[in-house]
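Asks: Read off the chains here:
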Amino acid sequence: MDAALFYTFAAITLAGALATVTRRNPVHCALGLIFSLLGVAGLFLLQAAELLFAVQILLYVGGVMVLFLFVIMLIHLEQAARLRQYSRQWPVALAALFAVFLEIYVLAQSGLPGLPPSPQPRLNAGGNTERIADSLFYVYALPFEAASLLLLIAIVGAVWLARKKEQPQ
Amino acid sequence: MVNLVANFWWIPLYPLFGAAIIAFIRRGASVIAPLMVALSFIHGLIVYSSPRGGTLDHTLTQWMPGLPFRFAADDLSLLMVLIVSGIGLLIHIYSIGYMAKEPGFWRYFACLNLFVFFMLLLVLASNLAVLFAGWEGVGLASYLLIGFHHDRPTVNRNANKAFLYNRAGDAGFLLGTLILLSIAGNVEFSTINKLPASGLTLAAALLLALGATGKSAQLPLFVWLPDAMVGPTPVSALIHAATMVTAGIYLFARLAPFLAANPDAGLVIAILGAATSLIAATIAAVEHDIKRILAYSTVSQLGLMFLAAGLGATEAAMFHVTTHAFFKALLFLTAGNIIHALHGEQDIRYMGGLRDKMPWTFRLMTLAALSLAGFPGLAGFFSKDAILVAALKYPVFFAIALSVSFLTGAYSSRMLWAVFFGTYQRDAHEAHGNMLHTLWPLAIGSALAGYFGPHGELAWGVMLTSALVSLSGLYFGRSLRIPVVLKQLFARRWFINDAYEAVLVHAVTRKGARAANWFDSNLVDLIPHVPSSATTTLGLLLGWFDRFVVDGLVRLTAALFSLSSYPLRLVQSGRIQHYALAMVLTLALTLGWYLLA
Amino acid sequence: MSLYPITTAHYVILSGALLLIGAAGLLMRRNIIVMLMAIELILNAVNINLVAFSKHWQQVTGQVFAIFVITVAVAEAAVGLGILIALFRHRGTVIADEIDLLKW
Amino acid sequence: MQFNNLFSILPAAVLALFGCVLLLLRFDSSRPYLIFLAFAELLAAIGLWRQTDFLGFTGFRGAILIDPFGIAFNAICLVAGLICAVGAYRYMEREDEDHPEFYGLILLAQSGMYLMNSGTELITVFIGLEITAVSFYSLTGFLRSNPRSSEAALKYLLLGAFSSGLLLYGFSILYGLSGSTHYLNIASMLATRNSRDPLILMAILPIVLGLLFKIAAAPLHMWAPDAYEGAPTPVTAYLATASKAAGFALLLRLILGPLHDLRPAWEGLITFAAIASLTVGNLAAITQSSTKRLLAYSSIGHVGYILLGLVAGNKTGIEAMLLYLLVYTLMTTGAFLLLSALDREGVTDFRGLLYRHPGVALLMILLLLSLAGLPPTAGFVAKYMIFLSLVQARQYWVAVIAALYVAVSLYYYFRIIREMLHNPDDSPATLTISTGWRAAVGLTAILSLGLGLNPEPVLAWARSALR
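Residue numbers (my numbering), protein chains in the order written: chain A, 1 to 169; chain B, 170 to 766; chain C, 767 to 870; chain D, 871 to 1337.
There's no promise every hint is true.
Calculated pairs, DSS-like style, for lysine-lysine (alpha carbon to alpha carbon, straight line, at most 30 Å) [said to hold, decoys possible]:
(1) B:Lys562 x B:Lys363
(2) C:Lys869 x A:Lys165
(3) B:Lys363 x D:Lys1185
(4) B:Lys270 x B:Lys562
(5) A:Lys164 x C:Lys869
Keep in mind that the hints were calculated from the coordinates and are not lab data.
All chains, please: the whole structure from these sequences, using the hints.
Replies: Structure (structure tokens):
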């Protein structure tokens, strides 16, 4: 059962990713990305990361994708869609990525010594969300606060950059 | 009353203040600049003549680990102080007249003062690091002064060339210093001179020698000096004859015990010096540009000093540094008078007959040239003699030194004949004022400095040989002028300027002419021509080698650097995805490298 | 490696595949919006890894890390789209290789 | 415990707080912002200084470590931020973009750098890195009406996000290998692994590459010349120094900490990057016609020198890196700020500067001499220490190559000096100079000389930072 679900979600993820990378129309690309993100969300659920599953769907699929679609609507992309979609370097790029892939494959072949053995299962003892909350507010309180700062900066930056410069009266 | 002797480290500071003040107020340079150098000279004289009792030293600050910013003064460095500030003073005064009409008068003097500061810093250093600070500084000042007339076309290129050559040497110097530092923990001269010899010290000595070849214009880095002659003539006299170029020899003298402990390095230095000396002398014998003749002559004399220093005779080398400073500065300054009088003409073929027009210049230059050639009794004779004595142990070196001595006489007299005798071609007038008065001290030095040198037991045999060789050089030098051929060369002067191959062709032509005349000439007449024509040809060949091979290599290197700049820039295409691809390629290549390694 | 049972290694391989697809999108697509999406794919690949390791170690640190990665992805996307709008206003294009005022 | 936690991030908290407040303020002139910013930096500096009494303390369960190393790097970033902001305001007024956001983002970026410098936990340093990076994306594109500025920001963002992705991928594998994000735990878990382990390679290579990107080392330098050229010049100064220093801090903390025993896995890459940076930086700078781009390439060359300290790998080498970073920060902020006063950026626009503005020209000459590494400037001291460490580590060939590139670098620095000595042409570039600018550039130039004449204080500082 787990395996079937894994392969299903993995297929959705990869297919969505491929669609993102290959579709001509940016809206289709965005839809492909949504599929891919949903697939990843499914994988999270499969690994008992319930909170992350929710975050992925709400934040990513809900928030980021809307942002993307919004910009796509803002910028008229009809001309862009009619242009050549791939940069001229695509054969080199593919070759390079394929080389990376091969190298990783060879690395794996040379004997993946693997990870240290897994400890006793106690992942979600006391509930996933509670444990994450514990960890987030106790161990990772500093990055948590810092992340809010990061979002503030992102907002300030995005607003500043996207806004038109006021013309002096 | 301040203790001037204990505060000997003030000596370099006067010209530094001078440079700063001139750069700041931009007027009064003709008073401030010489005054400041005069203060250095007086201070140096006071310290030199006072009883000191060993080496003075003064630590300004602890600079870096193992590197205090320390000054030291002993007889050797004070002698250099006197040479630098004394000759520097004369040349400052001379420059007031020479540069009077130049725009950027104050800039010239600021740079000149700056140079004197760095040179004094160099000679008063107590360790290699402080010496290096001065070493780099004189290179910088020299660069600025060579490029003084930056609006002339070749000037920038030549200034850059001088700079690059010096830097190539400096890289060696720096590495040598670092090796010594890593061995000894500091680079005080006193420490280095006590280091036991090892493979690393040998390497360090060779690297330092490389640095010295850059600064002192020796093989393989000697070709910048003739090109540096595009700078104002007083600059050539001060920097490229009397002071900066002797920094390499000064370094060897400082490190004499260290070199003695690493005799292989000394031998390399001697070989380089001997080879340079011979090559440069032969080139000087065929040059036509008066400043370039003097430049090659300087290279040749520096080669002799290298030879002596390499063989351990640092006293002889320093003696020659001293006498050379006098007569070469005098030669350059008199040449400057001539160039000034002829409105910038530097080609000796366009001079001639100036004896009557410029009588004092004629007398002074003759004195200097005779001293250079080693005319018995003049300063150059004694110092060259000391070098010959030092070279006596090695027959090859002795023979080379003798040949150089002969050639020196030959090109000196050739130059004198070409400039002062023969037909009078141009209107000229004698120099006056500062440009003449400042020459007197130099003339006295050129004549008499030899009697104050370090005299060991007199080697009469060597002295006699040397005198004979010099005199014969002087005598035969006149016959280096071959009127028929020279007229041909006049006709096609532009040809030489453009490509030296043409000159080679002329050399062949000249040989042809010589062959035709062979039977007409009687044997007695011919004999002196054999060595001279052989030398001429050799000189031309070496000149060709210099211009096309050595110079070509340098240009090639420079061009390669510039050229390699373009592909590196072209990779920077401005396209985001090319950049991202470069990142991925790096990842792929590093992964692959680790897989294969 | 067998297809079954599913181990951490499977997730790592899936993550690698997603990473490479994302990188391919970044390197090949000329449309900057799609390039930004490709970056989202790369960050998601990282998240797959993190959650799989979290499962492997039976502790939630990896999931916490993943939350931070999502935050970062959001921040980068927001600023990236802001810059894109500014650029589009000047140049009227979102094609990556037409944006090369700065080069050499 | 609670006291410890807050205290351990006090400077960052101050900077972030003041940064946020700055965003809310509106004044008619930019001076109040500047005073505000300077006040924040001063408080942060006091906080840093107070921390010296609490060395070895950790905060937030090991996320932050108070040690001399972090304090030293924070000091560098602080100096860079203050100098750049103080020297910037007239430039921003000239570009008509003197808004509080600019100064706010400078402070916020610096709070991110604090986390990079002092963080000893993967998530913390990563968030710090992103805070810094996102602030810099915005700052780079700050001149909204200038297409070059926007383009620079876009390039920086896309490539920066990609490099962050690589870095994160490495982090995720590192986490997978050790099950923890704390350096100490990672170190103990990695202790049993050898450097040829595939997973180790898959973790270390992306991490090192991602960080090499942040410090703009070749061959991942390609964003740098473009971003440096397009960004507002004071931002370039800040980006080229503080951001780089923080990147080095992060790299060094990882490499000298958890990854130290895996030296074979990163040594080759670092050596390669160092030599490549020297080559690219110095050679490509030769033929540049824009001073800003020339300085950008030269800063890549300087990264090469700094990395050589890591190649040497001994104590002197690390000290030399720290010293070099400080000196480099002074020289580079000075040079870029000086450039920001000119309204044009070509090398030939410096022509005749010595005659028109002798003071400014002398400052520039000092800075360039120091950048070129001529004695007795601070640049020489820094290069000297690097060479010394290489010779001590018996890396003679690397030392030879590096020494040769010193000669090459002089060539292009002196081009600028020579231009300044030329007589002015018909249309000289005009200067806009403020008091703050004078103070900032003057300070950097004087320190570049003063630290060269008397480097003992900084040497002692570098030594003490690595106790």
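Asks: With the threshold set at 30 Å, check whether the alpha-carbon distance from B:Lys363 to D:Lys1185 stays at or below it.
Replies: holds (28 Å)
Asks: Does A:Lys164 pair with C:Lys869 here, judged by a C-alpha cut-off of 30 Å?
Replies: holds (26 Å)
Asks: Under the criterion that the straight-line Cα-Cα distance not exceed 30 Å, is the pair C:Lys869, A:Lys165 satisfied?
Replies: Holds - the C-alpha atoms of A:Lys165 and C:Lys869 are around 26 Å apart, at most 30 Å.
Asks: Check the hint pairing B:Lys562 with B:Lys363 against an upper bound of 30 Å on the C-alpha distance.
Replies: Since the Cα atoms of B:Lys562 and B:Lys363 sit roughly 26 Å apart, the hinted pair holds (cutoff 30 Å).
Asks: Mind checking the alpha carbons of B:Lys270 and B:Lys562 for me, to see if they're no more than 30 Å apart?
Replies: violated (53 Å)
Hint violations for this structure: number 4 only, all remaining hints satisfied.
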